[in-house]
Amino acid sequence: MIVDRQYMGVSKRKCIVWGVAFLSDGTVISVDSAGKVQFWDSATGTLVKSHLIANADVQSIAVADQEDSFVVGTAEGTVFHFQLVSVTSNSTEKQWVRTKPFQHHTHDVRTVAHSPTALISGGTDTHLVIRPLMERVEVKNYDAALRKITFPHRRLISCSKKRQLLLFQFAHHLELWRLGSTVATGKNGDTLPLSKNADHLLHLKTKGPENIICSSISPCGSWIAYSTASRVFLYQLSYEHDNISLRRVSKMPAFLHSALQILFSEDSTKLFVASNQGSLHIIQLLEGSFKHLHTFPPQSGTVEAMCLLAVSPDGNWLAASGTSAGVHVYSVKHLKLHCTVPAYNFPVTALAIAPDTNNLVIAHSDQQVFEYSIPDKQYTEWSRNVQKQGFHHLWLQRDTPITHISFHPKRPMHILLHDAYMFCIIDKSLPLPNDKTVLYNPLPPTNESDVFRRRTAHAFKISKKYKPLLFMDLLDERTLVAVERPLDDIIAQLPPPIKKKKFGT
Amino acid sequence: MVQLRPRASRTPASAEAMVDEGQAASEEEVEHGLLLGQPSSGAAAEPLEEDEEGDEEFDDEAPEELTFASAQAEAREEERRVRETVRRDKTLLKEKRKRREELFLEQKKRKLLPDTILEQLSTAAQPGIKKSPGKLKEVNLQKKSEECEKGNDSKKVKVQKVQSVSQKSYVALRLKDQDLRDSRQQAAQAFIHNSLYGPGTNRTTVNKFLSLDNKRAPVKKAAAQFLNTAWGVQSKQNAKRFKKRWMVRRMKTTKK
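Residue numbers (the numbering used here), protein chains in the order written: chain G, 1 to 505; chain X, 1 to 256.
To be clear, the hints were calculated from the coordinates, so they are not data collected in a lab.
Be aware that a few hints might be false.
As the list claims (entries may be wrong) - DSSO-like, lysine-lysine: derived pairs with alpha carbons at most 27 Å apart:
hint, chain 1, residue 1, chain 2, residue 2
1, X, Lys220, G, Lys499
2, G, Lys94, G, Lys36
3, G, Lys207, X, Lys111
Sequences and hints are given; from them, build the entire structure.
Listed below in structure tokens is the structure:
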């Protein structure tokens with residue numbers, strides 16, 4: 001089978017086949033750089049049918065399990081759906097037909113996947129698009145909506161509160177920044193001038209081609225740990241006035257191959273590592289070295305690895321969650337399993353333990369938030385109330401999961417959480433909103449009377465000022481740090497897209 | 001400087017002083033100082049002289065009686081002591097070297113694989129491609145769990161990857177192959193990049209792409225990137241090449 005070398009009339013460039021699929025009936029489908037999707041008969045080696053679908057490369061192909069439909073992605077950002085349909089309404093003869101084009105990407109679609117109910121495409125424009133196939137979806141609920149995922153649903157930034165440092169995790173390097181400060185004061189809504197600019201302290205590059213999986217900086221700012229797919233690295237930082245020196249702690253224990261999540265305790269004396277084999281390691285940090293304290297083996301009967309960790313501020317409790325099998329709470333003091341929060345259908349996206357009360361707040365991917373009292377081993381009264389009444393429908397329809405939860409040290413009734421598009425303070429002392437109340441009311445109108453304000457006030461205070469919001473945390477009682485990553489900056493650094501003629505430009 | 005100069009000329013003088021029993025020594029001393037034309041140098045040299053020989057006295061004190069035999073004995077004693085210290089130093093140095101040598105040997109032994117693995121390596125290498133013993137040193141020890149979980153069947157063992165029996169956490173790799181693989185990987189990456197973004201592909205620039213939206217936007221913004229480094233790449237390269245050639249030509253002509 002030889003692909004036509006002609007490249008849209010110009011024979012200068014060679015035609016490259018970017019992908020092939022072999023179906024069980026002997027049909028071979030090829031996609032190539034000339035923008036063609038071609039069907040071949042493998043028995044005779046002849047071209048059966050050719051579809052010219054793009055002026056640019058067709059880069060990826062994925063076939064459904066039933067082999068009755070497939071999806072291709074082009075360099076123009078278009079995704080085409082091909083289906084095997086009958087030629088006439090009641091004949092058995094079937095034919096491959098191009099059915100639906102989707103244009104959700106602006107750059108090349110480098111990979112596609114075909115799930116039983118959706119087409120998934122990933123492009124160089126950093127988006128992952130999940131497009132449900134409406135004819136395969138049984139219940140037309142909010143889950144059957146188009147999803148566009150831009151940022152990983154993970155915490156990529158960690159913060160050292162004591163030294164006001166932020167550690168940013170990139171695919172192949174880490175960056176450490178010291179936050180700037182201001183001495184000016186202003187009223188609500190003002191942007192104050194910086195008296196001290198933010199400092200770029202450190203740029204740590206990884207060796208080799210492996211990506212960084214997770215990273216963390218200790219609350220005291222003197223330790224940095226990160227993990228790639230095969231190794232865990234630990235560094236000690238020392239600060240002398242403006243100078244910073246970095247020292248690698250060598251000889252990490254041999255059993256630590258790769259970690260899915262790394263966390264330091266609040267006093268920076270312990271390091272918690274969730275390994276990819278399902279066990280949890282506790283490592284004590286000493287000056288310039290470490291000591292392996294304990295390993296919690298994976299729960300019997302489960303194979304999944306823990307991917308989220310939370311430690312209580314007093315250092316007594318460690319909560320760990322995998323993707324499905326509930327949240328396990330360990331006692332760090334007694335080095336044993338304390339309790340397991342009952343499993344829920346949806347994976348956990350964020351975990352945190354409140355100071356003083358040791359309430360574990362759990363956010364799930366279906367936007368439910370639970371509060372579980374670790375000492376009492378049961379859900380708290382507030383959590384039960386929330387479940388009884390249910391969340392506001394707009395809250396449940398948000399697109400991105402909650403990725404970080406934190407608490408105010410002086411206001412025990414507040415829970416601070418955020419996703420990529422909003423930041424929310426839940427005030428547990430206020431009544432919950434029902435579906436008739438307005439959910440997004442960050443500032444109540446000032447011209448209304450107090451009675452009205454009190455009536456409309458509810459537990460959810462939501463701000464959508466910063467988006468896409470990657471990280472938000474309290475530095476101290478009066479300071480909040482937010483990290484916004486504008487998409488324009490990312491797009492400006494992307495590889496160039498295919499040139500398209502636009503009318504009127 | 002001042003102290004060194006009299007000392008160099010003193011050695012024969014001091015020997016003379018021993019023979020002349022002191023009296024002449026002081027005269028010599030004065031004479032010497034005058035001879036050098038440095039009256040202060042004599043005074044400065046004297047305490048130093050005292051240190052060296054110990055039997056020289058100041059002018060105002062009477063010189064001590066000293067027989068030739070005792071002086072000779074003392075000198076011999078001195079000589080012996082010096083020789084002994086030299087010998088002791090030598091032996092100490094030797095011992096130190098020996099210890100270091102031993103340490104190196106031990107380290108080397110530690111770095112090398114255990115004997116069983118070495119034996120296995122040699123047996124595995126013999127039937128296949130002849131592998132020089134020098135290459136054993138090249139083996140790179142890498143801890144890889146997934147590899148060590150595989151079986152240790154020596155028949156299955158390739159020449160490049162010899163797995164140990166006793167210590168499962170080691171995998172021996174030849175660095176040469178690794179480099180080859182890396183270069184192939186790089187070549188493949190370059191090919192993909194060239195065929196997607198290389199010359200002849202219908203690509204626009206990021207700036208142009210972003211300006212499409214900006215043109216239609218009600219509020220116009222500045223371009224995302226003001227400076228375009230891609231401009232004039234070819235002419236810049238040509239200029240560079242021309243400059244190099246010109247330099248070479250210049251050098252050739254000047255040589256002639």
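Problem - In rising order, the numbers of the hints this structure does not comply with - result: No numbers; nothing is violated.
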